[in-house]
Amino acid sequence: MRNRRLALLRLFFLTWALAALQAVGTPVADAAELTRAAVADALAAARAAGRGADFARRDLAGLDLAGLDLSGADLSKADLSRADLSDCDLRRAKLVGTTLVGASLARARLNLAWVMAADFSHADLREAVLETLVVSEGLEIRPEEAMRFVGADLRGARVTARFHRADFRGARLENLQASVDMRNQSMGMIRTEFTGAMMTSADFSNAQLARVDFTFAKLMDTRFHGADLTRADFAGADLTGADFTGAITEGTVFDSAILGGTRGLAPR
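Residue numbers (our numbering): 1 to 268.
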């Protein structure tokens, strides 16, 4: 009887404490729905069945999934915030509407991943591969399909994708590899596009940006120190306060661009 009373008291106290925390607005940390072992088992079972694993809408926040083969997995609208996805194979994975805020994706491979409306804000994407991403359901990227990379770290990443209207404010993009590979253009030119993107205070120092499309992008106070901008297109872009010190601008297009307060550009 006494043990039962103690158990009831503990339960009452726990319930009261949780209610008190919620009442004052203190967030209560929730554990992820699955463990790394459970995720690995689900991946193995799906692979044996010849299909991609389904983790859509699952809470995987904070999980250590480093190095796992998640290729073809459906992670649409899953919560992967703060998760460790470094060195993961995410090729052809569905990341539609997925939350990856603060996640580590260093050296991850995302070739052909579906990334509409994915949020990579403050994520670590150093040396990750984001090539030929699927960024829309149709030919045009709708506003609600735009991705977020606010404050993300993409130093040394390789990208070939359309980032139309994407949000890269404050992102670190030093040594980004985004130049067109002219050796593999048999089906027409495939190049990286940041058209209409929000890139205020981003850092593209020493990035490879030859032939990249920045038309109508918001690039205020953005750094292009030492970047290769050969034949890049900034038509209609807002470059107020941008710094081009040491950048290569041979054949670069600045038609109708806003250039007030820019540094490092020869008079035009």
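Among the clues, some could well be false.
Here are the simulated EDC-like pairs of lysine to aspartate or glutamate, each with C-alpha atoms no more than 16 Å apart in a straight line [to be verified]:
1) LYS77 with ASP41
2) LYS77 with GLU140
3) LYS77 with GLU145
4) LYS77 with GLU33
5) LYS77 with ASP59
In case anyone wonders, no lab produced these hints; they're calculated from the structure.
Handout entry: Violating hint indices (sorted, rising)
Key = 1 and 2
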